[in-house]
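K.L.:
Top line first, the protein sequences correspond to chains Z and E.
Quick note on numbering: the working numbering labels position 231 of the first sequence as 231, and the sequence is numbered without any gaps.
Quick note on numbering: the working numbering labels position 139 of the second sequence as 139, and the sequence is numbered without any gaps.
Just to be clear, a hint being listed does not mean it is correct.
16 Å max Cα-Cα, derived EDC-like pairs, lysine to aspartate or glutamate [unchecked claim]: (1) Lys-386(E) / Glu-263(Z); (2) Lys-429(E) / Asp-404(E); (3) Lys-28(E) / Glu-303(Z); (4) Lys-323(Z) / Glu-24(E); (5) Lys-433(E) / Glu-246(Z); (6) Lys-185(Z) / Asp-404(E); (7) Lys-185(Z) / Glu-146(Z); (8) Lys-28(E) / Asp-307(Z); (9) Lys-433(E) / Glu-303(Z); (10) Lys-65(Z) / Glu-76(Z); (11) Lys-386(E) / Glu-146(Z).
In case anyone wonders, no lab produced these hints; they're calculated from the structure.
It should be emphasised that the depicted structure is a prediction, and the values quoted were computed from it without experimental measurement.
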Amino acid sequence: MKRLLPFFLFLFVVCESYAQHVSCSQTLRLAQSTYEQGRLHEVPSLLQGCLTSGFNKQEKVSAYKLLTLSYLYLEEPEKADEAMLNLLRTDPYFEINPAVDPAEFVGLYKSFRTKPIYRVGVVMGVNATRPNVTSSVETAANSESEYTYGLAFQVGANVEIPFNEKITFNPSLLFQQKGFDIESKVSRGTDLEGNELYNTTTGREQQTWIALPVTVQYSFTKSRFNPYIAAGISTDYCLRSDITIETIQDNAGAVQEKTVDIERNKINLSALVAAGGKLRIFGGYFTGEIRYQYGLLNVNSEEKAYDNSDVVFSNNLGDSVFKLNSFSVTVGYVQNIFNPKKLTRRK
Amino acid sequence: MKSIYAILFLTTLVWACNNIEDAEPAAKNTFIKFYHGPYSYTSVEVERIPDGYAVLGNMTISDDSVVATLIRTDENGNPAGEIQYYPGCTAKSLQVLQNGDQVSGYVILGDSIKVDPNASKVGNILVYATRILLVNTSGTIQSTRTYRDDSQDTSRVLIDYRGNTLTTNENNELIILGNYREDLSRPEKSFVVALDFNLNQQWYKTYDLIDVGQTDYNYVNAKSIHAKQGNLIWASSILKSTGEFSDSYLAIPFVEAESTFKNFSMMGETSSQLFYATDIKPSNGPGYGVVGTRASTDGSNANMFFARVDGFGNFVAESTRYFDGVLSQQNEAIDFTASESQDTGESITSTPDGGFVLAGSTKIGSNSTDIFLIKVNSSGDILWNKILGGSGEETISSIISDSDGNLTISGTNNLGGLSSIFLMKTDSKGELKN
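Please build the complete structure, drawing on both the sequences and the hints.
P.N.:
Next up, the structure:
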């Protein structure tokens with residue numbers, strides 16, 4: 001018998017709460033009926049208990065709406081404000097229906113801040129980065145070198161602060177990996193058999209950045225996908241950078257692949273343009289964005305072009321001065337954060 | 001129209017220079033350049049020319065096929081014109097001939113090696129000849145002169161002549177220093193020959209060590225000879241090899257042109273060691289600076305050394321300093337017995353402040369050989385040192401300084417069995433930053 005005691009206890013709790021819920025549902029219908037009969041004074045006391053405990057969310061919203069209307073008609077504006085505030089706190093997405101709702105209720109609703117004050121979420125994606133060479137530092141005579149895009153991932157936190165329907169301020173904090181490839185071919189002329197000989201150096205530079213991009217979004221239209229364009233600036237901090245490099249020499253031994261740290265300027269600044277969209281989902285938005293980042297500052301300097309003597313002497317590769325440009329494609333989710341309150345009108 | 005503007009805007013936005021060659025060269029006063037050929041290049045010497053540099057080297061096609069190579073560059077080390085090859089000559093030294101501010105030609109000193117595997121005498125299987133090439137500004141050979149033993153007598157060993165270095169004197173003569181050996185069992189001796197600028201011989205003189213009583217020792221001459229006021233000075237190592245051991249001391253032959261020794265200052269002649277003088281250069285004050293290598297007789301415990309000699313070739317007392325790639329990193333000279341790395345001194349240049357920069361190499365532990373630079377003041381006290389290099393073997397052939405103290409260094413970089421020539425211009429502190 002003792003073994004069954006927890007089971008009976010659990011059964012009792014379930015039955016009790018179901019009974020309470022059924023009871024509160026009846027209370028809501030009773031309150032609605034009481035309101036419709038004009039016995040407005042009785043509505044608050046009827047709902048009080050179940051508002052504390054017993055209503056589900058939808059019932060709670062209906063109860064607060066009923067309470068707000070009751071206070072409005074009882075000409076108790078402070079209590080009506082309090083009920084409206086509780087309504088909006090219970091369901092920040094509550095929307096009025098001007099065609100059905102009483103004008104007083106609509107008016108009161110509009111006197112409250114009902115929009116989200118900001119959104120917060122996460123974002124992740126891939127970027128393709130390539131240097132934009134501003135001055136060349138060539139160490140090998142008769143060489144041709146080219147940088148090509150490399151893919152890397154990025155992840156971070158995203159904040160959106162809507163200024164109005166059209167304009168949204170969008171700062172983020174991103175952890176970014178960036179990478180790109182270099183190939184340098186040195187022509188060594190022809191051997192006695194007439195074969196063209198080359199030294200081919202291939203390398204991949206990988207960088208880790210903490211980025212603080214700040215953009216301003218402009219929304220075109222309010223639709224299912226809420227398209228927008230954005231522009232801004234990003235301040236980035238380089239955590240580390242290294243290059244994995246090897247050199248193949250025709251008719252001779254190779255310079256084995258190795259990875260060496262390479263120094264980059266710690267701070268970088270970039271201009272951003274972006275286009276994206278937001279799909280309403282759950283209590284926020286699923287976001288998708290394509291962004292182009294145009295480097296404004298060099299990430300290295302002429303002064304340090306030969307600092308990595310191992311790469312210079314072993315791979316005959318100087319460090320040309322460049323800025324970083326990158327495309328990124330990201331997806332994310334931002335949750336609306338509300339803080340409803342009575343708006344104070346400026347005199 | 002709006003769409004065209006939009007496309008133009010976006011094109012401008014995403015435009016980037018991806019080819020390094022398409023970008024403007026960095027505005028740097030320093031540089032490092034590597035020159036690669038189809039076969040291994042080795043550096044011999046760099047000389048300043050009005051608009052850049054002339055780099056002399058060798059391209060080794062095979063053990064018995066070495067081709068002298070002349071690379072002319074602009075101020076930034078970029079090749080200016082085609083690289084010139086001179087088959088049948090192993091380059092040893094370069095002299096730029098100038099007419100005012102213009103280069104009028106180049107003289108290349110080298111060796112020509114005749115191989116005869118069927119020679120009846122072992123000493124005639126390889127016979128060396130000294131070869132001098134007069135080359136015009138476009139790199140074409142204008143004239144040649146060869147010093148070789150042309151005897152048809154197969155019953156005797158032919159004399160080997162090897163060129164060492166050359167310079168010019170006040171009489172517009174080319175002064176050429178070399179070695180000759182009459183027989184494999186006999187020591188190498190020095191010869192000096194003077195030529196006019198058309199390579200016609202003016203005089204020829206041999207120098208051996210009979211005067212100093214050591215006839216079984218070889219001259220191993222350094223890479224420079226200097227002519228001043230009718231006198232010639234160079235640096236030599238007087239070497240005696242016995243099996244795997246070599247014993248040598250330093251000597252500064254100071255001779256009157258076409259005459260005999262005026263001085264023969266020695267150092268280390270009473271002790272046992274391996275002393276190699278590799279370069280001697282005039283200082284910006286009186287006298288000369290000498291650089292080289294000092295090691296035990298088995299070649300171990302090698303250190304770079306520096307010594308001063310006066311205008312008559314006398315070693316200046318207390319001027320000798322020794323440097324080690326590990327022990328001198330805190331800018332300290334060391335005792336010659338202390339050594340934690342294998343170091344060599346290869347070239348020296350005087351600097352406008354009265355000091356010198358010594359260039360050589362260091363090999364620390366199992367690492368590869370790297371470039372080792374040391375700046376000393378006029379007294380030989382070390383001011384700074386620098387080690388540069390990568391995973392390959394870097395060795396120095398020569399260093400020169402300009403009037404601002406900037407340094408230009410040529411050398412050889414060996415990677416995976418293939419070597420290239422490098423040319424490096426640094427600031428006065430050996431830095432590549434400016």
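K.L.:
Each hint: holds or not?
P.N.:
Hints, one by one, checked against the model:
For a cut-off of 16 Å, the pair hint linking Lys-386(E) to Glu-263(Z) is broken: about 20 Å separates their Cα positions. Between Lys-429(E) and Asp-404(E) the alpha-carbon distance is near 11 Å, which keeps this suggested pair within the 16 Å criterion. For the hint linking Lys-28(E) to Glu-303(Z), the alpha-carbon distance of about 8 Å falls within 16 Å, and the restraint holds. At roughly 14 Å between alpha-carbon atoms, Lys-323(Z) and Glu-24(E) fall within 16 Å of each other, so this suggested pair holds.
Using a Cα cut-off of 16 Å, the hinted pair Lys-433(E) and Glu-246(Z) is violated, with the two alpha carbons roughly 25 Å apart. Between Lys-185(Z) and Asp-404(E), the direct Cα distance comes to roughly 35 Å. Violation of the 16 Å bound is thereby established for this hinted pair. Distance restraint check for Lys-185(Z) and Glu-146(Z): the Cα-Cα separation of roughly 9 Å lies within the 16 Å cut-off, and the hinted pair is therefore satisfied. A threshold of 16 Å between alpha carbons decides the hint, and for Lys-28(E) with Asp-307(Z) the separation of about 14 Å falls inside it, so the pair holds.
Restraint check for Lys-433(E) and Glu-303(Z): the C-alpha separation of about 4 Å stays at or below 16 Å, so the hint holds. In summary, the hint linking Lys-65(Z) to Glu-76(Z) is supported, as the alpha carbons are separated by about 14 Å, within the 16 Å threshold. Distance restraint check for Lys-386(E) and Glu-146(Z): the Cα-Cα separation of roughly 32 Å exceeds the 16 Å cut-off, and the hinted pair is therefore not satisfied.
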